[in-house]
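Participant: Residue strings, one per chain:
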Amino acid sequence: MSSEIVTGERQELRRSVTPWGSYSWGYADVGADIFVALGLVIGVAGGATNIAFLFAGLVYVAVGLAYTELAAAYPVAGGGQYFVMRGLGDFLGFIAGWAVLLDFTIDITLFAWGCVGYLSHLPVLNVLDASAHPLAHFWVILALIAGLAVLNVIGVRESTAFNGFVSAIDVFSETLILVLGFLFTFHPELLIHSMQSGWPNTFQLMNGISLAIISFVGLESISHAAEETNRPASIIPRTSISLILTILIFALAYSNLALGMQPWHPVPHDAAGHAQQFWHYLGAVQNQDKAVAVMATNIPYFGLLAAFYVPVFGATLLLISSNSGVFGSSRIAYAMSQFQLLPSIFKRVHRKFKTPVISIAVFCTLAAIELVFAALQGNFGYEFLGDLYAFGAAASYTLVFVALIALRLKDPLTPRKFLIPLNLKMRFKGEEVLFPIVAVIGFLGIFAILIFVLLTHHIGRIAGPSWLLFGIVIYAIYRLRKKLPLFGSAPRNWNRDQVQILKNAGELELMDELVGKLKARDPNFTMRTP
Amino acid sequence: MNELHVTAAGAAAAILTVLSISGTLYWMLHPPKSRADIAAVKAERLLKESFGTVLVAFSSEIRSEHMMVLAARLARGLNSELLALYVIEVPFTLPTNAVMEDEDRFALDVMASAEVIGKRFGVDVRTEIVHHRHTSQAVLDLAKRERADLIIMGSYREGTYTGAPLGREIEEIAANAKCDVLIGVEGKHGTLLYDETQAEAALQSKV
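Those sequence lines, one after another, are chains A and B.
Using our numbering, count along the first sequence one by one with no gaps and you end on 530.
Using our numbering, count along the second sequence one by one with no gaps and you end on 737.
Treat the hints as calculated values from the structure; they're not laboratory data.
On a predicted model such as this, the values are computed, not experimentally measured, just so you know.
Some hints could be false.
Said to hold, decoys possible - Calculated lysine-lysine pairs in the DSS-like style (CA-CA distance at most 30 Å, straight line):
(1) Lys519/A - Lys503/A
(2) Lys410/A - Lys429/A
(3) Lys429/A - Lys519/A
(4) Lys674/B - Lys503/A
(5) Lys519/A - Lys563/B
(6) Lys354/A - Lys503/A
(7) Lys674/B - Lys649/B
(8) Lys517/A - Lys503/A
(9) Lys417/A - Lys563/B
(10) Lys429/A - Lys417/A
(11) Lys563/B - Lys517/A
(12) Lys563/B - Lys503/A
(13) Lys649/B - Lys708/B
(14) Lys429/A - Lys503/A
(15) Lys425/A - Lys410/A
(16) Lys410/A - Lys519/A
(17) Lys352/A - Lys410/A
(18) Lys417/A - Lys572/B
Chain A extracted, bound-state conformation (with noise of 0.2 Å):
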């Protein structure tokens, strides 16, 4: 009786988040990133900036319809880590996991870095500015990480409510921006002039493509609090769509409107004293880290009341998505090391406030690293966070995409409610499956950005596998320890395991389907442990 009450309250409370909860999941880490990579793509992009974007936002589409299907059919914690793992195996799924965590800590850096940007854009906090004031900018920015990560130990993280009600504001005010700024300073003849002036090589232009990506890093959020969404296999395409949809069209406006912005004040000439174009001033390596409160201070009118407004609000909704790097770096080192891909040492929570209180400390301080080697670029220090960031995320990308094909042939009984459109019906080792053409055509495009990526970041280059072979090593010493498989997989029932998932997840209806199939298959198939 009691054990009934306990599974009770636990089902309760796990199907909390709501539609527009699972949306500013995701909203709370994609929805900051345009703050972030606007001005790092113009800088590198110039004229050709909403064409980088467009290139990103496509592959960026195929992404994610790739993990909207996956979250749909497995909605667990975990995400990318979890579908690889699944998919392709336990090595792949810890490369997959570990480059994930490579984007999560940069994401913890690269946020602050942002947020502090933004601030000082305020005039009362210019001494912030990195430019200006380096070693002001360094410490509070190592005092923003130490701060969430004291935060996070003693449990304080940000709520599902706070980011439903942050991402409204944002939504609402990135939408303000843009219509008044198409409204009162657009110009389509200044874009097609802008394009045409600054259109950049071809390097630039992969460079560029390549950072652009970083604008649609985060969607993966939302599946990981797939376990916790009412009704994920119906809830989650809904909100995930939505939020490509959102990021897109936000992606491209703001691109198309920076190109073809008439500032209301004039612009300033550059060092050199030479004139230059609004789009040649955001992304000057002064105002990168804080290029859409630039835009937004020079809109008619409405500029008076964002120059105090945007700086604040840009660096509220970056410091949640740094917070949500802590929160989710400690999360997938916890689930990776559920399933034997890391220590159990990131399993454990600490006595008095129950949070895993190891992760956190280290992937903290792997992120104070990173701002130390960051800080050393000196005026590139935010592009060299912004390569990584791209690293991680077209490794991790690339892997996903795999997986979703592999899972395709070797789960084909799994009920899908989503499915990517456009596949073709086959058959593979006696059962019916459809293979996804998208998902071939998504991994061709992840796989160029992490080439460009490879090939036009110098640190990236070296930096991004550097951190996978330093993980590997990790993960080798802790298979060989545990005398676990170390290419191989340890073994499991995916089976059984997908009738829990989908009974956990309130699924019912899919999971009668999945157990129905299971049974046709084998008349054996019992869904308890024999």
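Based on these hints, arrange chain B on the given structure of chain A.
Facilitator: Chain B in isolation, oriented as in the chain A frame:
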């Protein structure tokens, strides 16, 4: 400062941005309903349609004070009319119009308490005191007259009565009512809903 100049393309882009963002969010917030959702909505609608009047029955044997709180909450939530009825059972040894001052006074106290409970939850309670030979028949008659959609009753004083554990009057009302009946059996009286052995085990495990 530059001059303000609105272009057609800019205005079109602004409108397109608003429409696409609001359309996307609207679509997201209206997902398809599952079988469970449809069943829940149907039950809710049925409840809203049917619960026009809620009748709470009291008598010297039927103690419904605790159920009155539930009834008031229900009535407020469902916007229902709340009627509290106290039945004074007239023994066959007395004429039907016999004066029963003590019983009447007690009934007034109970009805006053019912009104206070209703007011605490922001619900107006109509009260009525009826003299009748049979409590059950009085409740059924009034429920018919008022077209009550729900009768709520508390526990019966003689809960352990052999052959009618809930009390004969309560059982008769439940069996013959033409509407839904909600019976609240207090733990200390009703052994049907209260497992003493498990409660004892739970208490011991706490210790």
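Participant: The structure should be examined with respect to each hint, and the outcome stated for every one.
Facilitator: Each hint, compared with the structure:
1. Simply put, Lys519/A and Lys503/A have alpha-carbon atoms about 17 Å apart, close enough for the 30 Å limit, and the pair holds.
2. At most 30 Å may separate the alpha-carbon atoms for a hinted pair to count; Lys410/A and Lys429/A meet this at roughly 9 Å.
3. For the proposed pair Lys429/A and Lys519/A, the alpha carbon gap of about 18 Å is at most 30 Å, so the pair holds.
4. Straight-line distance between C-alpha atoms of Lys674/B and Lys503/A comes to about 46 Å, which puts the hinted pair past the 30 Å bound.
5. Simply put, Lys519/A and Lys563/B have alpha-carbon atoms about 28 Å apart, close enough for the 30 Å limit, and the pair holds.
6. Under the criterion of a C-alpha separation no larger than 30 Å, the hint pairing Lys354/A with Lys503/A is consistent with the structure, at around 27 Å.
7. About 26 Å separates the Cα atoms of Lys674/B and Lys649/B, which keeps this hinted pair within 30 Å; it holds.
8. Pair hint Lys517/A plus Lys503/A holds up; C-alpha atoms about 16 Å apart against a cutoff of 30 Å.
9. Annotation: proposed proximity of Lys417/A to Lys563/B holds, straight-line Cα distance about 13 Å (limit 30 Å).
10. This hinted pair checks out: Lys429/A and Lys417/A have alpha carbons roughly 23 Å apart, not beyond 30 Å.
11. With a C-alpha separation of about 24 Å, the suggested pair Lys563/B and Lys517/A falls inside the 30 Å cut-off, and the hint holds.
12. With a C-alpha separation of about 18 Å, the suggested pair Lys563/B and Lys503/A falls inside the 30 Å cut-off, and the hint holds.
13. Between the alpha carbons of Lys649/B and Lys708/B the distance comes to roughly 28 Å, so the proposed pair stays at or under 30 Å and holds.
14. Taking the CA atoms of Lys429/A and Lys503/A, the gap is about 28 Å. The hint holds against a cut of 30 Å.
15. Using a Cα cut-off of 30 Å, the hinted pair Lys425/A and Lys410/A holds, with the two alpha carbons roughly 15 Å apart.
16. At roughly 17 Å between alpha-carbon atoms, Lys410/A and Lys519/A fall within 30 Å of each other, so this suggested pair holds.
17. Distance hint between Lys352/A and Lys410/A is unfulfilled; the C-alpha atoms sit about 43 Å from each other, more than 30 Å.
18. Pair hint Lys417/A plus Lys572/B holds up; C-alpha atoms about 24 Å apart against a cutoff of 30 Å.
In summary, the numbered hints that this structure violates are 4 and 17.
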